[in-house]
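If you're matching them up, the sequences are chains G and F in order. Here the first sequence stands for residues 15 to 344, numbered as in my numbering. Here the second sequence stands for residues -1 to 322, numbered as in my numbering.
Think of the hints as simulated: they come from the structure by calculation, not from any bench. Bear in mind the structure is a predicted one, so any value in this text is a computation, not a measurement. The reader is advised that the hints may include incorrect statements.
[To be verified] Here are the simulated lysine-lysine pairs, DSSO-like style, with alpha carbons at most 30 Å apart: (1) F:Lys87 with F:Lys184; (2) F:Lys269 with G:Lys139; (3) G:Lys139 with F:Lys313; (4) F:Lys190 with F:Lys87; (5) F:Lys199 with F:Lys184; (6) F:Lys87 with F:Lys199.
[As the list claims (entries may be wrong)] Just some of the chain F residues that point at chain G, by a computed CB distance under 8 Å: (7) Leu29; (8) Gln32; (9) Ile35; (10) Ala36; (11) Ile37; (12) Ile40; (13) Ser41; (14) Leu117; (15) Asn118; (16) Leu260; (17) Ser264; (18) Tyr295; (19) Val296; (20) Ile302; (21) Trp307; (22) Trp318.
Cβ atoms here follow ideal geometry from the backbone N, Cα and C, with glycine treated the same way.
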Amino acid sequence: MSKETLFKQGAIWAFIVVELIFFSVAGSYLSVSDSAFMDFDNMLLLLKQSAPIGIIALGMTIIMINGNIDLSVGATYALAAIVLLDSMTWPFMQAMGDWAIPLAWFFALLTGTVLGAINGLIVWKTGVDAFIVTLGSMLGYRGLVFMYNGEQPTSHLNWTLVDFAEAQFLGLHTATWFLLVAALILWLVMTKTVHGRNAYAIGNNREAAVNAGIRVGPHFLWNFMLIGFLAALSAVVFYSESGSVNPNDGMLYELWAITAVVLGGTKLSGGYGSIISTLGGVIAIQLLRKGLGHIGADTETVNLVIGLILIAVLFLDRQLNRTGKEELKI
Amino acid sequence: MAELTKRGIGEVLAKQGILIAFVVFMIVFALANQRFIAIDNISGVIRSSAILGVMALGVTFVVIGGNLDLSVGSMMSFSTIVVLDLHDKIGPTLAIPAMFGLTMALGAFIGFLVGYLKLNSLIVTLGMLSAIHGLTLTWSGGQNMDIADKAGTWFSVFGQGRVAGVPVPILIFAGLAIVLSLVLSKTPFGRKVYAVGGNGKAATFSGIPRARIVFMTYLISSFCVACAGLLQASRSLGSQNTVGQGMELEVLAAVILGGASLLGGSGTIFKTVIGVLILGFIQNGLLLMGLAFYVQYVVTWLIIILAVWLDIAAKRGRFWSQIA
Chain G
15 MSKETLFKQG AIWAFIVVEL IFFSVAGSYL SVSDSAFMDF DNMLLLLKQS
65 APIGIIALGM TIIMINGNID LSVGATYALA AIVLLDSMTW PFMQAMGDWA
115 IPLAWFFALL TGTVLGAING LIVWKTGVDA FIVTLGSMLG YRGLVFMYNG
165 EQPTSHLNWT LVDFAEAQFL GLHTATWFLL VAALILWLVM TKTVHGRNAY
215 AIGNNREAAV NAGIRVGPHF LWNFMLIGFL AALSAVVFYS ESGSVNPNDG
265 MLYELWAITA VVLGGTKLSG GYGSIISTLG GVIAIQLLRK GLGHIGADTE
315 TVNLVIGLIL IAVLFLDRQL NRTGKEELKI
Chain F
-1 MAELTKRGIG EVLAKQGILI AFVVFMIVFA LANQRFIAID NISGVIRSSA
49 ILGVMALGVT FVVIGGNLDL SVGSMMSFST IVVLDLHDKI GPTLAIPAMF
99 GLTMALGAFI GFLVGYLKLN SLIVTLGMLS AIHGLTLTWS GGQNMDIADK
149 AGTWFSVFGQ GRVAGVPVPI LIFAGLAIVL SLVLSKTPFG RKVYAVGGNG
199 KAATFSGIPR ARIVFMTYLI SSFCVACAGL LQASRSLGSQ NTVGQGMELE
249 VLAAVILGGA SLLGGSGTIF KTVIGVLILG FIQNGLLLMG LAFYVQYVVT
299 WLIIILAVWL DIAAKRGRFW SQIA
């Protein structure tokens, strides 16, 4: 790893350390609660709360390294959640008792994967830009969410499932484990496999990648299926515990995920980015949310601060890479 | 010969496809339900499309200039909340210019970042979407905003009034569309917007001030957002903080449906208006057919993909993409 990449990938972790110090110090003067910010339980909770957006952001990283984008993940998340909860009320599923749980998970994950595959196929076969394709399916999938159960919330509480979701193993919550394991697997995929290498190659220079014999279309399809699967996984993790989904759930998740990915340093133009840095971006955002709450700032200010930080990061990145290649317009 | 005509048909379809689709839609819906083409139904549809439409006019400028604007939805919430709040504090006569000033200041800030600092517009406006939402919540304290004396204010004229029987929102939408269409097609500035979006480097080399043109497109966009906020506030005289949430993508859908390319350099105000009306009439037509409002989401999805697909298929002369 060159010195420059080390510096770039370290930046987000340095930012996290700065956040931790700032909120700990500021918290000791301003905090309304007695507990310290860097309280162990507080940090565990933070990781758990990062999981839903985090799991989606991991997939978004790969999509963006490809030079694509996916705006439909929020709707995919909601539809997978509805399938998860609704499928457990089907008669044959209820007859299965707790064995219905893995099957319900399977249905939900299948839903996400299929929705992702639809996006991927359209991008591949029509050649329409992924931004437009997923902008369309963001609306379309949300329409499917509403068509499933009208404007009613879909609810089903399964206590075995809730116990599983609330369990802690080696101190970490179930959701955290899902996030970490997904990150580890995807990190291995992106750094150690042909698929990962191709992803960077396509994002960097699509024409060159085609000339090198990489089949771009199927590659896109796999990655869109992957992000659909991850959006559904995120829903599985979150709704196993909460047990109720509103048709508007997951709205704007795509934007939060993209924000986390960009904070982690992945380039919109493709060809550059890392799973681990995205994990850093997700944690940095969650720290900011919690930290601002801890020092007594209104929760509203979080949006303001995150927005401005995102722009600042973009500006700094540009200043540091002046000599680098000009960013592609999408 | 046969191939030539085939190509000719393809070109006509590519150029006017959206207009043809619009006419076909209107005929099908009209046959399905007589009420669809009643004057008051049509005027009702245009009236309720006006807010989205006014925003789409401004975004058309930004998109032709080769950029994106994802912040218009939360900016519209901001202007709505601000004008409602100031209405009771300093009176409508001062509140309206103050709101326009504040909204356009936000637009100028985005224009500065994208135009002069040359930052990626997608991320800048994504950041501003979040930041302006925070600003709105801070301004309102998270509360809904209502005008105290709803019956006694003349402020409602913009959203609810009529001039010679025509609803004021339609007049504002139509007026803005005509003015901005002239600006885009008949002035040197308009031509420069196309030049900057079509080929930024070439434009810079031919002496066009790229930064200033991009800055101006965002200023125009924020002006349109302020108009939309005014219509929204005046129509309901009260508002939630999230009134414009998600509209940025609907607006973009209308602009894309109108045939503007996200790469910049193409699109017209007229076609954007058609895009807006298509979305409005689809929604209305489906409702009249007795379908729930959310069916339109799925239909809109199919139409957007189909419209863009046919557009680029006609341009490349092949139905399926060349992606291996």
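Tested hints:
1. Between Lys87 of chain F and Lys184 of chain F the CA atoms are separated by roughly 41 Å; this puts the pair beyond 30 Å, and the hint is violated.
2. Annotation: proposed proximity of Lys269 of chain F to Lys139 of chain G holds, straight-line Cα distance about 26 Å (limit 30 Å).
3. At roughly 16 Å between alpha-carbon atoms, Lys139 of chain G and Lys313 of chain F fall within 30 Å of each other, so this suggested pair holds.
4. A threshold of 30 Å between alpha carbons decides the hint, and for Lys190 of chain F with Lys87 of chain F the separation of about 41 Å lies outside it, so the pair is violated.
5. Restraint check: the Cα-Cα separation between Lys199 of chain F and Lys184 of chain F comes to about 23 Å, which is no more than 30 Å; the hinted pair holds.
6. At most 30 Å may separate the alpha-carbon atoms for a hinted pair to count; Lys87 of chain F and Lys199 of chain F exceed this at roughly 48 Å.
7. Look at Leu29 of chain F: its Cβ only gets to about 24 Å from chain G, farther than 8 Å, so that hint breaks.
8. Taking 8 Å as the C-beta cut-off, the interface hint given for Gln32 of chain F is violated, the closest approach to chain G being about 27 Å.
9. At its closest, the beta carbon of Ile35 of chain F sits 26 Å from a beta carbon of chain G; the interface hint therefore is violated under the 8 Å criterion.
10. Because the smallest distance between the Cβ of Ala36 of chain F and any Cβ of chain G comes to about 27 Å, over 8 Å, the interface hint for this residue is violated.
11. For the restraint placing Ile37 of chain F at the interface with chain G, the shortest Cβ-Cβ distance is roughly 30 Å, beyond the 8 Å limit, so the hint is violated.
12. Here the hint on Ile40 of chain F is broken, as its CB sits about 24 Å from the closest CB of chain G, past 8 Å.
13. Among the interface hints, the one on Ser41 of chain F is violated; its C-beta lies about 26 Å from the nearest C-beta in chain G, farther than the 8 Å criterion.
14. With a least beta-carbon distance of about 5 Å to chain G, the hint placing Leu117 of chain F at the interface is held under the 8 Å criterion.
15. Below 8 Å, beta-carbon pairs count as interface contacts, and Asn118 of chain F has one with chain G at about 6 Å; its hint therefore holds.
16. At about 6 Å, the closest approach between the beta carbon of Leu260 of chain F and any beta carbon in chain G falls short of 8 Å, and the interface hint on this residue holds.
17. Checking Ser264 of chain F against chain G by beta carbon gives a least distance of about 14 Å; that is not within 8 Å, so the hint is violated.
18. The beta carbon of Tyr295 of chain F is positioned within 8 Å of a beta carbon in chain G (closest approach about 3 Å), and the interface hint is therefore held.
19. Contact between Val296 of chain F and chain G, as hinted, is supported at the beta carbon level, the nearest pair being about 4 Å apart and thus within 8 Å.
20. Because the smallest distance between the Cβ of Ile302 of chain F and any Cβ of chain G comes to about 4 Å, under 8 Å, the interface hint for this residue holds.
21. Interface hint at Trp307 of chain F: satisfied, since its Cβ lies 4 Å from the closest Cβ of chain G, which is below the 8 Å cut-off.
22. About 6 Å separates the beta-carbon of Trp318 of chain F from the nearest beta-carbon of chain G, less than 8 Å, and the hint is met.
When the structure is compared with the earlier hints, violations turn up for hints 1, 4, 6, 7, 8, 9, 10, 11, 12, 13 and 17 and for no others.
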